[in-house]
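Protein sequences appear in the order of chains A and B. In terms of our numbering, the first sequence opens at residue 815 and continues consecutively. In terms of our numbering, the second sequence opens at residue 815 and continues consecutively.
It is worth saying that the hints were derived from the structure and are not from the lab. Any given hint might turn out to be false.
Which copy? The list can't say, so a pair holds if one copy fits it or any two copies do.
[Said to hold, decoys possible] Lysine-lysine pairs mimicking BS3-like chemistry, simulated, CA-CA at most 27 Å apart:
1. K823 / K1005
2. K1053 / K1248
3. K1053 / K822
4. K1027 / K869
5. K961 / K1053
6. K822 / K1248
7. K1005 / K854
8. K1005 / K893
9. K823 / K854
10. K869 / K1053
11. K822 / K879
12. K823 / K869
13. K823 / K887
14. K854 / K893
15. K1248 / K869
16. K1027 / K1044
17. K823 / K879
18. K1027 / K1005
19. K1248 / K961
20. K893 / K822
21. K1248 / K823
22. K869 / K893
23. K1027 / K965
24. K1005 / K879
25. K1005 / K869
26. K1027 / K822
27. K887 / K1053
Remember, it's a predicted structure, so these values are computed and weren't measured experimentally.
Number of protein chains: 2
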Amino acid sequence: MNIREEAKKMKLDAPILAASSNEQRNEALRLIKEALMARKEEIFAANAQDCEAAKENGIASAVMKRLVFNDAKLSDVCKGIDQLCSLPDPIGRILLRRELDEGLVLERVSVPIGVIGVIFEARPDAMVQISTLCIKSGNCAILKGGKETAKTNRTLFGIIHEAAVQAGLPESCLLQAELHNEIDELLQCEKDVDLLIPRGSNQFVQYIMNNTKIPVMGHADGICHIYVDKDVDEEMAFKVIIDAKTQYTAACNAVETLLIHRDLASVFLPRLARALFRAGVRIRGTQEAEDFIARSPETAAEAETIEIMGEDDFRTEYLDLIVSIKVVADVEEAIDHINRYGSHHTDSILTRDDAAAGRFLQMVDSAGVYRNCSTRFADGFRYGFGAEVGISTSKLHARGPVGLEGLVTYKYLLRGDGQIVGDYASGRSTFHFKDLDIPGK
Amino acid sequence: MNIREEAKKMKLDAPILAASSNEQRNEALRLIKEALMARKEEIFAANAQDCEAAKENGIASAVMKRLVFNDAKLSDVCKGIDQLCSLPDPIGRILLRRELDEGLVLERVSVPIGVIGVIFEARPDAMVQISTLCIKSGNCAILKGGKETAKTNRTLFGIIHEAAVQAGLPESCLLQAELHNEIDELLQCEKDVDLLIPRGSNQFVQYIMNNTKIPVMGHADGICHIYVDKDVDEEMAFKVIIDAKTQYTAACNAVETLLIHRDLASVFLPRLARALFRAGVRIRGTQEAEDFIARSPETAAEAETIEIMGEDDFRTEYLDLIVSIKVVADVEEAIDHINRYGSHHTDSILTRDDAAAGRFLQMVDSAGVYRNCSTRFADGFRYGFGAEVGISTSKLHARGPVGLEGLVTYKYLLRGDGQIVGDYASGRSTFHFKDLDIPGK
């Protein structure tokens, strides 16, 4: 398959999908759900082959869990499809309606982005989630899934594509790329692909970002911080920190660095260290943090296991039961540290002090800034957005968890009866700019 | 000056400017206006030197007009500043307020983008417009103006920066780059510069887009089309086409290609050709267009001056009194041509037929799609947005004319009292997603 040719064709067909009705797109979603349920044995059989091969290749059991596509996962993706169907149409919404002059009316209308390339990790449920999100938002998509689930992906894609076409969507609404070299071809399609959404390891996302002129939505690093201010509920702090570090260590929104107010360091820090040790978390601390922990009789012995960290560790996403600890003078130093070393993903302050919290929420330059809760809340489902295609740390277009809303843009429609700019330049006509009611709003 | 070092410092200071109040930013705008008026002789003197040097270098008189900064231009920029002051604060707006669960409230709040690099053509008024737009939207800016007005730019920048600092904005809110090699340095600052806005020739914008990892807002080409459908008011069509081509040929929203319905070609096309010839416009036509014009006794002689065009001409932005003409079968062929050869900027259909117009507005994949009016309306001022930093043909973030709204993004604030994700994962707690009223809305 020649990805460039296919992308070009898709780009020209994209307005056809964009012009489809919400009913038609929902019908496609319903047919997809029905077909997935009707043909589940076929999917499970393909998945069994993938899992067998993965086992033979000695894949880690944590990864293995992601590869599996079973009744539970099928039920989850079907629930997701139901939810998508129930959401209002994200396209064709009138965002602005303004009479520029008598008989000259400007509208800003939401439209799909166009052609989206999605490269995702080996999780077959992602194939269903992403393709249905793209259909609901009227976007054509080129999908490349992880090779470990190649057979499952192929089966799922075939079912999804067939159902979409059956519902009357254009043949070229979805395309599956299967070969690794097709990724590089895809990266060259800047004329025809409007957006790339890569999901996977930091290095992989970084590679994509460095090798394409297509805008990339997503994030390479998730270096999230929790700053513990001096006036804090200690029990709450332990609970939140342990959750943020251990609830799911492989997540991008897991905490990697703890910043502790110096006034707390002599009592709170050893207690926190003990709680972390008990939870199986290894500590990489600054010399000062290690000193505080070593000075306490309760943690002196364990302090020996602390690795003294260098500055570079503050830029490391561990994705493991490891955490960096640094002692800071105040909220200002915490803010400076986070803006300097963080990845602008999600950071939290734990404090009873409204002034310190206000300062932190204002000054930390991240997609998510929290007070008194776990960084793990950074997620489309937990924000109530429904499914998400990823989390963006870019400041342009969509930031934070990206759902349907991040998959649309807008265009301006202007309707007149022969107006020319010359008349306004010469003063024969003048604009009066009157915002009009938007029907149904 | 080391642009990288300065950009790094600016990035860390950006949250300080972002935290400034609307009153403070408006105060800066007022002080800038006062200082510009009080020190106008100083500005005019610097500008006289620039203009003198430009004349010695034999600059074209059309370009010369742009370089001049006189009482009229000063009055224009001061009016622009007044308008900016009167606009509501674009930052700190609450865009979403949702209770995820008891005591856990999510807000989406508008914030400045951060650090913006603007590289603009030799128009001293642009220096004032762009720096004041950035101040109003709370963005730090690195400004590089055209070298032809170096002395004027330096004087203006000095006045603007002094007034901004006097109003209490941070020293590093604005920075002027003056050397051409500093542009290349700026392009390397992807860690610290959030957005680049280049204005200038196609080649220049293309160069920027091809040589940086920083997101670029703007457009390289403005290949705008007018499609004349078969059922059209001929007089209106002539008037709109002549306006779109000749009112300001150097503008990106001037029309470059006319697509004419075949049913109109034998009568309408020769008449249109005559109107274009009279307005001093040269025609590059397809062989078919030339044939229609040559067959008419009224335009047979002039038809000899038509250059027969190749496919590449359809991708050429003339920015001159030249227009391409192609005969098409119907609105579908027009749409296909525009989506294939256009630059997704602004395209217009002239027709009395609602169905054809509806199809065109729906299917043309451009930032602006018009019916029965000139493409020249694509402009921030004419849309009622006030000042603009440029027109974007990108589909991400801002599309079309970009004003204050395109210079902000948002962040998510989450306030809790110790909530952890583990409780929601285990089912001990559940989200209830309740959208709350936004104060003042």
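So, going through the hints one by one against the coordinates:
no., hint, result
1, K823 / K1005, "within (12 Å within a copy, 35 Å between copies)"
2, K1053 / K1248, "between (54 Å within a copy, 25 Å between copies)"
3, K1053 / K822, "neither (52 Å within a copy, 36 Å between copies)"
4, K1027 / K869, "neither (38 Å within a copy, 40 Å between copies)"
5, K961 / K1053, "neither (38 Å within a copy, 59 Å between copies)"
6, K822 / K1248, "neither (40 Å within a copy, 43 Å between copies)"
7, K1005 / K854, "neither (38 Å within a copy, 46 Å between copies)"
8, K1005 / K893, "neither (36 Å within a copy, 40 Å between copies)"
9, K823 / K854, "neither (32 Å within a copy, 56 Å between copies)"
10, K869 / K1053, "neither (36 Å within a copy, 72 Å between copies)"
11, K822 / K879, "neither (37 Å within a copy, 42 Å between copies)"
12, K823 / K869, "neither (39 Å within a copy, 50 Å between copies)"
13, K823 / K887, "neither (33 Å within a copy, 48 Å between copies)"
14, K854 / K893, "within (15 Å within a copy, 66 Å between copies)"
15, K1248 / K869, "neither (66 Å within a copy, 44 Å between copies)"
16, K1027 / K1044, "neither (46 Å within a copy, 40 Å between copies)"
17, K823 / K879, "neither (37 Å within a copy, 45 Å between copies)"
18, K1027 / K1005, "both (9 Å within a copy, 17 Å between copies)"
19, K1248 / K961, "neither (55 Å within a copy, 40 Å between copies)"
20, K893 / K822, "neither (34 Å within a copy, 46 Å between copies)"
21, K1248 / K823, "neither (41 Å within a copy, 43 Å between copies)"
22, K869 / K893, "neither (29 Å within a copy, 71 Å between copies)"
23, K1027 / K965, "neither (31 Å within a copy, 36 Å between copies)"
24, K1005 / K879, "neither (38 Å within a copy, 36 Å between copies)"
25, K1005 / K869, "neither (41 Å within a copy, 41 Å between copies)"
26, K1027 / K822, "both (16 Å within a copy, 24 Å between copies)"
27, K887 / K1053, "neither (30 Å within a copy, 62 Å between copies)"
Against the hints set out earlier in the document, violations occur for numbers 3, 4, 5, 6, 7, 8, 9, 10, 11, 12, 13, 15, 16, 17, 19, 20, 21, 22, 23, 24, 25 and 27.
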